[in-house]
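Following the hints, put chains B and C in place on chain A, whose structure we already have.
Chains as they are written, first to last, in the numbering used here: chain A, 1 to 185; chain B, 186 to 348; chain C, 349 to 713.
Just so you know, these hints were derived from the structure itself, not from any lab.
No experiment lies behind these values; they were computed from the predicted model shown.
Virtual Cβ for every residue (Gly too), placed ideally from N, Cα, C.
Heads up, some of the hints might be wrong.
[Claimed, not checked] Among the chain A residues that face chain C by a calculated CB cut under 7 angstroms, a handful are:
hint	residue
1	A42
2	A76
3	Y103
4	T109
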Amino acid sequence: MDRNKISKWLKGPAKMGHKYSLSAIYFCTGCGIIEVPPVITARWDAERFGVIPVASPRQANLFLITGYVSLKTLKAIIRTYEQMPDPKYVVGFGSCPINGGMYWDSYNTIKHLDKYIPVDGWIAGCMPRPEAIFIGVTHLWTLIDKDMAKGYVKYREKYESYRKNQEQILGKLEWKPLYPIRRRK
Amino acid sequence: MNKELLTEILATFKKTQGYIEKDNRLFIETKKEIVPALLKYFKDKSFDRLAMVSCVDRINENKLEIIYILTSFCLDNPLNIILKIKISRNEPELDTVIPIFENAEPYEREIHELFGVDFIGHPRLTPLFLEREYEIPPFRKDFDMRKYSEELFDSVPFVGDEK
Amino acid sequence: MRELELYFGPQHLGMVGNFSITLSVEGDKIVNAASNPGYLHRGFEKLMEYRTWSQNFPLVCRINVIEPDSMEMVYAMAVEKLANIEVPERAEFIRSIYLELARIGSHLFGLWAYANMLGFDTVAQWAMYHRDIILDLFEELTGARVYHIYINPGGVRRDFPKGFKEKIVKTLHSIGGCVPDYNNTFFENRLFYERAHRIGAISQEEAIKYGAVGQPLRATGIAHDIRKVEPYAVYDKVEFDVPIRENGDAHSRILIVRDEMIESVHMIFKLLDMMPEGEVWNRTPNPFKWNIPEGECYVRVESSRGELGLYLVSDGGDKPYRAHFRTPSYTHGLVILEKVLRGANISDVGNIMISLYVIAPEIDR
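For reference, chain A alone in the conformation it holds in the complex:
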């Protein structure tokens, strides 16, 4: 750790903690997962950036959506995302979660991921290179520093809209709402 940043540390220790220990949940949502094993192994070594994969959503605070999201996966993604503790950051990896990418006219993949869960950053490309993940992570650091990675707060505030969108596409969801839903008159 850079010694010059020690004043920054003292200002927001929790923030620095979140920033430099991103535990990415190991969930293979799409074909982008092929670039994650090289990134976490010896050659590219994501641990330099404090990113390690963890197996359980309860331990994770970074959710890499690696590639296209089909309807069945979207259900699993929402469940996993709701199980993660705050603060949590979502990064869309690849073109497909941004606007559908290659599968823009497919009947079974969603086109805009941020309609269903909040996304803090995107890494474009098909397939993005391992370096792009690191650039994405360093950008996420900046966002955390500037209090701009507030997707989880948005999710809490706009939970009704998110839940409505989710139910519009998936039908009735079988689990209870994460946050209480206020009834409008």
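Chains B and C only, in chain A's frame:
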């Protein structure tokens, strides 16, 4: 050898046409009643491997075409048998071939889901891939994928934009 | 004891890939297993009906992310067969070398997953690094790491760059030099034997009955390989062995993976020596006005996991009328996995699944 096989098939089974294409492909067209007997016949002739079951929507003829592809585990016979039958598109029904080839099970399940063909005697015709229910099975030609996905996904508003 | 239902995946410790299995368990023992695919279903074959013949090349390689190259090859072969396109000899050599490199890369990825799952982290790191330097070769040849889109109908996109042959030889030597290390730490290690022996065993009769292909079939003693049975590209001009084993368990399957990689390396060296000079691409018509005559065909290639087939139908238009991929993981994941898991322990699910080389995107398409 392959020509002899073809003559024997045409002699044994009525209502069956067939021809051999180059690169060891034997195409056979038949009726759906004969399929189990024909598959059993091939299995005894050491074509004991069902490579796949496929379906083509021939919308102009108002028929669905079911295709069985058989190959052999024997190393010296590279022949591929492509068996085609046509069934009605409005009431597609067919006997399952699981008693003969056990690995037909997921293929038939997939065709049931994507083309809406009913396989009589199949133990579990539950959804395999899809999450939503579709009025027209999605792989049929009259299912307009672009229109459907536009209507479904674009109707969901961005969070913060909606009124 | 009471029977319970256990949902295994898609987000689970022991699961590789976006796939899920519903297990009925009695204590630690699995009574019944039902595969639950569809998490990666994109409707590829429907998407292909909406795109022209050449637009489909970037699409088909995305069906299987581990080894996209055999997907390109099988589609190119089908198009060439329907449209009667000849391929220059040099292009066929380049294709073979390219496919063998892809096979090594894919096997190394499988080895990473398997070693990681068994707890051999060192070997996993080596395998992933070695796959990465093969991806560097692809990057130099095609410009991309994962999706190459290199094979065109009528040949390949471009010739080998200058000095590329030497680079292939150098890379393969550096990987081949590590084979004794791999053997010592993994393949001939007593621990690997203990952890994989008799896990997920299938007999020869079962393999035939359930239609196994690739390593699960060859591990039971049948030397079935499309490169031998129905040679494509230049596999009839080069000598190679098809490695087989007798036991049919996870141990045999992984050893076959090693033997195949070594065989592929030797084959690439032979092919590089035999390579002729000449053109690499017979030009195809303008892709926007390219109509392929009516017809249908079934072509098959040997991918790293077994037989990969494509049934392609053309109605004389500029788009495919119907395409159906027969992918190797399909029967492995949906039929054999269910049968083999019956009676196994919960702790062996990952072991069995990865040793059968079940790749989810290939099943769902």
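Results for each hint:
Nearest Cβ of chain C to the Cβ of A/A42: about 5 angstroms, under the 7 angstroms cut. The hint holds. Interface hint at A/A76: satisfied, since its Cβ lies 5 angstroms from the closest Cβ of chain C, which is below the 7 angstroms cut-off. Hint on A/Y103 holds. Least Cβ distance to chain C is approximately 5 angstroms, under the 7 angstroms limit. With a cut of 7 angstroms, the hint placing A/T109 at the interface with chain C holds, because the nearest CB-to-CB distance is about 5 angstroms.
Hint compliance for this structure: every hint is met.
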